[in-house]
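S.K.: Spelled out, the chains give:
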Amino acid sequence: MIKRATFGGMALPYALLLPQVAITLVFFFWPAGEALVQSVLLQDAAGLNVRLVWFDNFERVFSDPYYLTSLRITAIFTFASCIIAMASALLLAVMADRVIRGAGAYKTLLIWPYAVAPALAGVLWGFMFNPTIGVIAYVLDALGVKWNYYVDGDQALLLVTIAAAWKQVSYNFIFFLAGLQSIPRSVIEAAAIDGAGPTKRFWTIIFPLLSPTTFFLLVLNLVHLFFDSFGIVHALTQGGPGRATEILVFRVWSDGFRGQDYGGSAAQSVVLMAVVIALTVLQFRYIERRVHY
Amino acid sequence: MVENRPWGNVFSHATLIVGIGIICLPLWIAFVASTHPVDRMFHAPAPLWPGTHLVENYLAVLRSGIGQSANAPVGTMLINSLIMALAIAVGKIAISIISAYAIVYFRFPFRMGFFWLIFVTLMLPVEVRILPTYEVIASLGMLNSYAGLTVPLIASATATFLFRQFFLTVPEELAEAARIDGAGPVRFFKDILLPLSRTNIAALFVIQFIYGWNQYLWPLIVSTDERYYTVVMGISRMVNVVDAAPTWNLVMATAVLGLIPPVIVVLLMQHLFVKGLVESEK
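Those protein sequences? They're chains A and B, same order as listed. Numbered according to the numbering used here, the first sequence spans residues 1 to 293. Numbered according to the numbering used here, the second sequence spans residues 1 to 282.
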């Protein structure tokens, strides 16, 4: 945790820490504290009348049927995107690990979507699926599917899910490929000599050896999809139609900024912070386990 | 590869090519749309092959935006995005590397307290505490300013943690030798630690540049003045126009302009990018 040979002096280390600590206090702890305080207060629209209501805001949030719908939508969206992204990334990584010719080019062409902003990913996919001129919407129409995500909530959720998964594939691909390349070749060769074909080798050796990577990616994907998807939803559907794509992180914003419901928004912030902390703890416990692995 | 299976190879290449096709399709469609005149955007389906208006469309958005609602020129937005991305990347690296240095190389009261203070913010994205953070910025008078856009996003436990991990792997003997030779803490940092951290700094820079460039919600609420629009948030105002279909060819030109810089950074510095990604998420 610290070096044996350390430097003396009192003022210097504090001066070095000052910028980081100051920014953390002002922009993390102050707002987080504010959220905690506001979550137990009720403020009228003019902001003049404030009173302490304890857990009323939380009760209000959790008894709101729309919040429960939002929870359900978030769960469907997060897990569906996560599974699509991880499964396709694993397939592509296994294939990219096998090929010799062109491996570099394949890799380059697969990793660039990581750099695309979620909001832009939403715009690109929205254009392809646009009911009036979208290319894919046109094909779907020709196949007899009535496609209009502006009015059909399930279709809107599907589109948001696909756009999020698309953006997430490259990230998973990089980690899976790194994981695959760290598996010792000798283990795989030994299995091949014993007569195991590629499919059998994958399920009995490679996949179990990848499980630390897979688990770690699962947690990270959930965190990314949970929070970074605001841009996709905001640019693509604005939470609609109706409330069909209103995921939790979108609601925190729309209740706070559109609805002016400060207490409710703060209570939702507190709930989300608890989720983040739980996920962080989960990841760290897991990482500690991996050290002993 | 362990054994020679020609059909296996064909299958691998085919899968990869199909995968790349799906991954690259949205970009191709967007690029193609951005090269057509606006009247082509009114009949379905959108074109699949580039048209003739490439230069015209891109110059139009760069100079004057898309012109429907009052929109800032995309050129200005790109400059704002660049300022934001650079300020966040450089700022994060600068304050993280010195705080990690303090935590690893100095012994002082409340050292671990400070470490945890920074560390608990590790995974707390701004989206989660958006309203109170906005209120703090508003009460500090930082709305519609570059400081408001960048400073709140500069604190980063990830970068501090990464540098701390790296410093712990630097051999003890280096600091001991430096002390024997009479080098003070500033000299040691400048002449030994900083050069050793070069690759880590570069890798982190790539990741943080992308992070800063792609910010969406934060600029959306901090900049209401068009002079401070960034390209990623500016585009949402173009898509969600009231009472009209978006001028898709110009919107797509803006989208392409908005995604090209970070994509180029990733492609040019692929090795650093992969290194930065794998290490900062570990």
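Some hints could be false.
To be verified - One-sided excerpt, in silico: chain B residues whose CB lies under 10 Å from chain A:
id	residue
1	Thr52
2	His53
3	Val55
4	Leu82
5	Phe114
6	Glu135
7	Asn144
8	Ser145
9	Ala155
10	Phe166
11	Phe188
12	Leu196
13	Thr199
14	Trp213
15	Val251
Unchecked claim - Result set (PhoX-like, lysine-lysine): computed pairs, CA atoms no more than 25 Å apart in a straight line:
id	chain 1	residue 1	chain 2	residue 2
16	A	Lys107	B	Lys275
17	A	Lys3	B	Lys190
18	B	Lys190	B	Lys275
Simulated from the structure, these hints should not be mistaken for laboratory data. Ideal placement from N, C-alpha and C gives every residue a C-beta, glycine not left out.
S.K.: Are the hints correct? Go through all of them and say.
M.R.: A quick look at each hint next to the structure:
1. Interface restraint check for Thr52(B): the shortest CB-CB distance to chain A comes to about 19 Å, outside 10 Å, so the restraint is violated.
2. Proximity of His53(B) to chain A is violated relative to the hint, the smallest CB-CB distance being about 16 Å (cut-off 10 Å).
3. Proximity of Val55(B) to chain A is violated relative to the hint, the smallest CB-CB distance being about 21 Å (cut-off 10 Å).
4. Nearest Cβ of chain A to the Cβ of Leu82(B): about 14 Å, over the 10 Å cut. The hint is violated.
5. Nearest Cβ of chain A to the Cβ of Phe114(B): about 6 Å, under the 10 Å cut. The hint holds.
6. Taking 10 Å as the C-beta cut-off, the interface hint given for Glu135(B) holds, the closest approach to chain A being about 7 Å.
7. Among the interface hints, the one on Asn144(B) is violated; its C-beta lies about 16 Å from the nearest C-beta in chain A, farther than the 10 Å criterion.
8. At a threshold of 10 Å, the smallest CB-CB gap from Ser145(B) to chain A is about 14 Å, leaving the interface hint violated.
9. For Ala155(B), the suggested interface contact is upheld, since its CB lies about 4 Å from the closest CB of chain A, less than 10 Å.
10. Annotation: Phe166(B) was flagged as interfacial toward chain A, and the flag is violated, the nearest CB pair being 13 Å apart, outside 10 Å.
11. For the restraint placing Phe188(B) at the interface with chain A, the shortest Cβ-Cβ distance is roughly 8 Å, inside the 10 Å limit, so the hint holds.
12. For Leu196(B), the interface hint is violated, the least distance from its beta-carbon to any beta-carbon of chain A being 14 Å, above 10 Å.
13. The interface hint given for Thr199(B) is violated, since its Cβ lies 17 Å from the closest Cβ of chain A, which is over the 10 Å cut-off.
14. Because the smallest distance between the Cβ of Trp213(B) and any Cβ of chain A comes to about 7 Å, under 10 Å, the interface hint for this residue holds.
15. For Val251(B), the interface hint holds, the least distance from its beta-carbon to any beta-carbon of chain A being 7 Å, beneath 10 Å.
16. In summary, the hint linking Lys107(A) to Lys275(B) is supported, as the alpha carbons are separated by about 14 Å, within the 25 Å threshold.
17. For a cut-off of 25 Å, the pair hint linking Lys3(A) to Lys190(B) stands: about 18 Å separates their Cα positions.
18. At roughly 24 Å between alpha-carbon atoms, Lys190(B) and Lys275(B) fall within 25 Å of each other, so this suggested pair holds.
Violation of the numbered hints given earlier is confined to hints 1, 2, 3, 4, 7, 8, 10, 12, 13; the remaining hints are satisfied by the structure.
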